[in-house]
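Take the given structure of chain A and dock chain B to it, following the hints.
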Amino acid sequence: MESDNQDSKHCHESHDHKHCLEMFKRLSEYLDNELDEVTCKDIENHVKQCVPCFSCLQTLKRTVDLCKQTANKPVPQAFSEKLKKLIQNMPKTTNP
Amino acid sequence: MTRATNPNRKKIKDKDFELVQAINTDQPELFHDLVKRYEQKLYNFSLRMCRNPSDAEDLVQETFLNVFRYLKDFRYETKFKNWLYRIAASTCIKKRRRSKFAPERELSLEEFIPKDEAEAQQQVPDWALKPLEKLLNEELANKVHQAILSLPDKYRLVIVLRDVEGFSTAETAHILNLSPSNVKVRLHRARLFLREKLKGYFEHGER
Numbered sequence: 077m078e079s080d081n082q083d084s085k086h087c088h089e090s091h092d093h094k095h096c097l098e099m100f101k102r103l104s105e106y107l108d109n110e111l112d113e114v115t116c117k118d119i120e121n122h123v124k125q126c127v128p129c130f131s132c133l134q135t136l137k138r139t140v141d142l143c144k145q146t147a148n149k150p151v152p153q154a155f156s157e158k159l160k161k162l163i164q165n166m167p168k169t170t171n172p
Numbered sequence: 002m003t004r005a006t007n008p009n010r011k012k013i014k015d016k017d018f019e020l021v022q023a024i025n026t027d028q029p030e031l032f033h034d035l036v037k038r039y040e041q042k043l044y045n046f047s048l049r050m051c052r053n054p055s056d057a058e059d060l061v062q063e064t065f066l067n068v069f070r071y072l073k074d075f076r077y078e079t080k081f082k083n084w085l086y087r088i089a090a091s092t093c094i095k096k097r098r099r100s101k102f103a104p105e106r107e108l109s110l111e112e113f114i115p116k117d118e119a120e121a122q123q124q125v126p127d128w129a130l131k132p133l134e135k136l137l138n139e140e141l142a143n144k145v146h147q148a149i150l151s152l153p154d155k156y157r158l159v160i161v162l163r164d165v166e167g168f169s170t171a172e173t174a175h176i177l178n179l180s181p182s183n184v185k186v187r188l189h190r191a192r193l194f195l196r197e198k199l200k201g202y203f204e205h206g207e208r
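Those protein sequences? They're chains A and B, same order as listed. The opening residue of the first sequence carries number 77 in this note's numbering; numbering runs sequentially from there. The opening residue of the second sequence carries number 2 in this note's numbering; numbering runs sequentially from there.
Chain A extracted, bound-state conformation:
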């Protein structure tokens, strides 16, 4: 495996580096704590040296945070009433 210094050099010259691409594929699993300890450490060491990968990780994390923050809308009253009527007209048993 190449050293971190070499990684850093590659990352800053071009982001099309094999190690960067390997990281790129696993960033979601990293954010979700779904990787083994060795792979996690590998990613952490890599992003310390590689600004584009660090930036990629942070923007991806923020994207996930924003999805988690999406608020729920209330159910329109008219639709809630419609559902209620629909249920009232259902059969009186769930058995066949």
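Any given hint might turn out to be false.
Stated by the list, open to error - Taking lysine-lysine and the DSS-like style, the derived pairs with C-alpha atoms no more than 27 Å apart in a straight line are:
id : chain 1 : residue 1 : chain 2 : residue 2
1  : A       : Lys144    : B       : Lys82
2  : A       : Lys117    : A       : Lys160
3  : A       : Lys161    : B       : Lys131
4  : A       : Lys144    : A       : Lys160
5  : B       : Lys42     : A       : Lys161
6  : A       : Lys124    : B       : Lys200
7  : B       : Lys37     : A       : Lys149
8  : A       : Lys137    : B       : Lys95
9  : B       : Lys135    : A       : Lys149
10 : A       : Lys161    : B       : Lys96
11 : B       : Lys14     : A       : Lys158
12 : A       : Lys124    : A       : Lys101
13 : B       : Lys42     : B       : Lys12
14 : A       : Lys149    : B       : Lys82
15 : A       : Lys160    : B       : Lys37
16 : B       : Lys131    : A       : Lys160
17 : A       : Lys101    : B       : Lys95
18 : B       : Lys200    : A       : Lys94
19 : A       : Lys101    : B       : Lys131
To be clear, the hints were calculated from the coordinates, so they are not data collected in a lab.
Only chain B this time, still in chain A's reference frame:
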């Protein structure tokens, strides 16, 4: 004949089991309580899966009709909520198949790889560093909603279940009848797709 129970089955604790049992035993009128418990969640799930509120209402209605129809088959082997979403997702997929003819767009990992030095960001952008509460506003919430809606269905289902509804990878795999690794692949591509949309919004003001 009594149904054989699997001795290896894990005992699931679920706040809904009692209500479901009552409905299935002799109190079908309590189905309304189950609907009240989940109508808002299902309505919002449907708003994220359909492009207009009227279709979302149809999806909720059809889902609850299917839940009522199949409730007697519920085996108490998963949480009721997970079973409910399994029915909602399958109702949604069937509705989509009925109304669409064009094949769905596939997202490839390659399309999201920064192509060159200019695209690979040399510093972390402001929108990823600011405290989240300083970033959130109605316009951004709307942008995130629109970005989710612009995802192809199969990726949208996964990201909505995982990142919006909060199901685990295993639960999402069960709800959608996919392998966990397939869920992970779709989730990563969906997140990268949304990330591109958000980058466009923050960096170039794309609406």
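(message) Check the hint pairing A:Lys160 with B:Lys37 against an upper bound of 27 Å on the C-alpha distance.
(response) holds (9 Å)
(message) A:Lys149 and B:Lys82 were given as a pair; does the straight-line alpha-carbon distance stay at or below 27 Å?
(response) holds (19 Å)
(message) Need the status of pair A:Lys137, B:Lys95: alpha-carbon distance at most 27 Å?
(response) violated (32 Å)
(request) Quickly compare the C-alpha distance for B:Lys135 and A:Lys149 to 27 Å and report which way the hint goes. (result) holds (22 Å)
(message) For a C-alpha distance cap of 27 Å, please report whether A:Lys144 and A:Lys160 respect it.
(response) Distance of about 30 Å is beyond 27 Å: violated.
(message) Would the hint linking A:Lys124 and B:Lys200 be met if the CA-CA limit is 27 Å?
(response) holds (22 Å)
(message) What's the verdict on B:Lys37 and A:Lys149, does the C-alpha distance respect the 27 Å limit or exceed it?
(response) holds (15 Å)
(message) Against the 27 Å threshold, does the CA-CA distance of A:Lys161 and B:Lys96 hold or violate the hint?
(response) holds (23 Å)
(request) Starting from B:Lys14, check that the Cα of A:Lys158 is at most 27 Å away, please. (result) Measuring from Cα to Cα gives roughly 32 Å; hence the hint is violated.
(message) Hinted pair, alpha-carbon criterion (27 Å max): A:Lys101, B:Lys95. Please report holds or violated.
(response) Roughly 31 Å between the alpha carbons, so the hint for A:Lys101 and B:Lys95 is violated.
(message) Check the hint pairing B:Lys200 with A:Lys94 against an upper bound of 27 Å on the C-alpha distance.
(response) The given pair, whose Cα atoms are some 24 Å apart, holds under the 27 Å limit.
(request) For the pair we were handed, A:Lys101 and B:Lys131, check the Cα-Cα distance against 27 Å. (result) holds (25 Å)
When held up to the earlier numbered hints, the structure conflicts with 2, 3, 4, 8, 11, 16 and 17 and fits the remainder.
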